[in-house]
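Letter by letter, the chains look like this.
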Amino acid sequence: MSNDWPLFEVFIRSRSGLEHKHVGSVHAADARMAIEHARDVYTRRQEGVSLWVVPSSQITASDPAEAEALFEPARDKVYRHPTFYDIPDEVKNL
Amino acid sequence: MSDVSAAVRAAALPADQVRYVLHLADTSLVLGQQLGAWVGHAPALEEDLGLANIALDLIGQARLLLTYAGELEGRGRDEDALAFQRDAPEFANLTLAEQPNADFGHTIVRQWLIDGWQLEIYGALTTSADLRLAAIAAKALKETRYHYRFSSGWLVRLGDGTADSHHRMQRALDDLWRFTGELFAPDALELRLSAAGIAPRLGELAAAWSARIDEELKAATLARPPPQPFPWHGKAGVHSEHLSHLLAEMQQLPRAYPGARW
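Chains P and R, in that order, give the protein sequences.
Each residue of the first sequence is one higher than the last, beginning at 1 in our numbering.
Each residue of the second sequence is one higher than the last, beginning at 95 in our numbering.
I should point out that these hints are in silico values taken from the structure, not numbers from a laboratory.
These numbers come from a predicted model, not from an experiment.
Keep in mind that a hint or two might mislead.
In silico contact screen, one side only, chain R against chain P (beta carbon under 10 Å); selected entries [stated by the list, open to error]:
hint	residue
1	139
2	143
3	240
4	251
Selected chain P positions facing chain R (in silico; Cβ < 10 Å) [to be verified]:
hint	residue
5	29
6	30
7	41
Glycine residues also receive a C-beta, built at the ideal position from the N, C-alpha and C atoms.
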């Protein structure tokens, strides 16, 4: 039966103030059922306080064949990492 | 209730209260045991987990209630003794809860009817004069709201689905409706406890349950069967044949190996 149901990607906010993170996917007939399935599959151990589900078909992914063109040009630009600054001890969470 | 003297309350209560708490506990325990049989067999992996989650909620409710019943009784019986060492005539669950899983449609209709009943019962018990019962009800009510969301969702989805699913849901409703007469028919014990402010007045809850049922049936395009007289009195210990089979399976191991741990 679940083969007939479309796939939804599941995102969980683990606690207030944090962002939703992708945790996996569920099959469901519609968004309401997807929320229930995500709740039953992914929040059984108090993993979250909020759920998003998104139809997998609505996600546009980058093409793995283009990975070199997209991501490798950043490899030799270490100056983009802010590692050349001395960070004062008083500054937390930078 | 201020119009009931403490003396009357104390005289009427202990045995009634034990029996009433067992009625709530056994309904959850038996229904949870039934749902557990779906594990590995549900129509989809996600539904398998969903039904198991509900089963675990119900067994959790039963554990709290059985423990409390054992304390009220004062004979040293704990939750395990009450769950595994009683025979069918001592069980006080709703007869509806022990009806077989049959197909997914029967399981959903049975669940939905009892979820709706528990919504009313637990909701009313949150203001019970029995504070321990009120606290257990408050916890169970949150769980029950999700159970109702789950079961009513499937009721509407399948009732208002294909011709086959509609037919099977209507058949399940027609099969199980005869057990609903018991849900809101108070017996003498419940009348005594409601007069003492401990149990809800069932007659006052029936209308809310009925309205909720009608609303959902309309969305599901299912026809409400006519009221039927009921010869079942599960809460008085008079059960259908199914409970003995269920208990035989549930109690076999602890009875064969007393004190077994795993």
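How the hints compare with the structure:
Using the Cβ-Cβ criterion of 10 Å, the hint placing residue 139 of chain R at the interface with chain P is satisfied: the shortest such distance is roughly 6 Å. Nearest Cβ of chain P to the Cβ of residue 143 of chain R: about 5 Å, under the 10 Å cut. The hint holds. The beta carbon of residue 240 of chain R is positioned within 10 Å of a beta carbon in chain P (closest approach about 8 Å), and the interface hint is therefore held. Taking 10 Å as the C-beta contact cut-off toward chain P, the hint placing residue 251 of chain R at the interface holds, the least distance being around 7 Å.
With a cut of 10 Å, the hint placing residue 29 of chain P at the interface with chain R holds, because the nearest CB-to-CB distance is about 7 Å. For residue 30 of chain P, the interface hint holds, the least distance from its beta-carbon to any beta-carbon of chain R being 9 Å, beneath 10 Å. The restraint placing residue 41 of chain P at the interface with chain R holds, with a minimum CB-CB distance near 6 Å, inside the 10 Å limit.
Checked against the numbered hints listed earlier, the structure breaks none of them; every hint is satisfied.
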